[in-house]
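Chemist: Work the whole structure out from these sequences, hints included.
Each chain, letter by letter, is given below.
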Amino acid sequence: MPAGGTLEAMTSGDEPGRRERFREGMRAGAPFGVAGSVVALSFGVVAQGAGLSPLAAIAMSAIVFAGSAQFTAISILAGGGTVGAAVLAAVLVNSRFLPMGAAIGPSLPGGPLRHALQGQSVVDASWGMAGRGDGTFDRWVLFGSTAPQYVGWLGGTIVGALGGNVIGDPEALGLDAVYPAFFLTLLLGELTDRRARIVAALGGLIAIALIPVAPAGVPVLVASLAALLGLHGASARTAAIRRQDEPEEAAA
Amino acid sequence: MSTSVAVIAGCAVTTFAIKAAGPVALGGRALPGWFTNVIILLAPALFAALVATQALADGRHLTVGPDTAGVAAGGLVSWRTGSVIGCVITAAVVTAVLRAV
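These protein sequences, in sequence, are chains G and F. Mapping of the first sequence onto the working numbering: residues 18 to 269, in sequence order. Mapping of the second sequence onto the working numbering: residues 4 to 104, in sequence order.
Keep in mind the hints are simulated off the structure, nothing from the lab. Don't take every hint at face value.
Short derived list, chain F residues pointing at chain G, Cβ under 7 Å [what the hints assert, rightly or not]:
#1 V67
#2 L79
#3 S81
#4 C90
#5 T98
With beta-carbon atoms standing in for the labels, derived distance ranges [what the hints assert, rightly or not]:
#6 G:P33 <-> F:R63: 27 to 37 Å
#7 F:A20 <-> G:G185: 30 to 40 Å
#8 G:N182 <-> F:V67: 51 to 61 Å
#9 F:V100 <-> G:E37: 20 to 30 Å
#10 F:A12 <-> G:R40: 32 to 42 Å
#11 F:F19 <-> G:A95: 44 to 54 Å
#12 F:W82 <-> G:A189: 18 to 28 Å
#13 G:G185 <-> F:G36: 24 to 34 Å
#14 F:A12 <-> G:L179: 14 to 24 Å
#15 G:G180 <-> F:G36: 30 to 40 Å
#16 G:Q137 <-> F:V104: 16 to 26 Å
#17 G:L72 <-> F:W82: 35 to 45 Å
#18 F:W82 <-> G:R149: 16 to 26 Å
In this text, a Cβ means the ideal position worked out from N, Cα and C, and glycines have one as well.
Modeler: Structure follows, in structure tokens:
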């Protein structure tokens, strides 16, 4: 009860409508939770091929809760890699959470400890949906959309880890296509203007160019540099608005 | 078992640290406009790179396989219907069917 009261005191008043926005986030995150549970199911099956016990696979999803890092780490273990190599690759894959976290930082209240704890709720889909499109983020939408994704991720892993023998070969079921398809949906949601499409194409090409020469994780990290095209953002955006306006004026 | 525990512990500690570091580093500070412009474009850059590495890479080899076709089919469903569940189910079914034939 005192803890609940503290939470109320911490969050109420200054943020009207937070329950509504949390629920809004849950509704937006629910489909990603369902889709993520299919991905997690394949993780639960595949992890055992890498030497993880069912309990270890479930514990990893419960504690780490970072899909691409988990897949990367166990694929390196399965390929005979060391613990250090597996963790390092997971760090590189997770490194995208550094710029994502830096982006939400100014939208979060509280001191460093609360910032650190709230930062744990960032997952790819939630981060995308919580963005207001102007560089700021709605933290209650973020929390709300992450909640069903955590449930889906953990639940799917439990089913996959305990029912792996019944499910069979994940590749025969096409489960390895589920995770990239999931990210493709996130990508399509971001391609709202010409500049975003150019940056996406550049990011994809950088990653493809680096796949043959760089360790896992590095291509994605380096591809994030494509976002630096935003340094020309103001002028490019103004130019785009002008280009959009001109035909309308001409038509009128 | 000890290998699993070490990997899980290593991933847990580093993931926590990475997710904590971003918000703490820039906590509460107002950001210049150029930074915001870059942040907005991080999502398309990162998501495109994740799709490319997962749909086209087999280790360090670039491969176009049944999963590539499945992901593309899923993307089509996502684009036409906006359904992420329809997208992932289509991707899995198309990939599985192409592998079976």
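Chemist: Hint numbers the structure violates, sorted upward?
Modeler: Result: hints 1, 2, 6, 8, 9, 11, 13, 15, 16 break, sorted rising.
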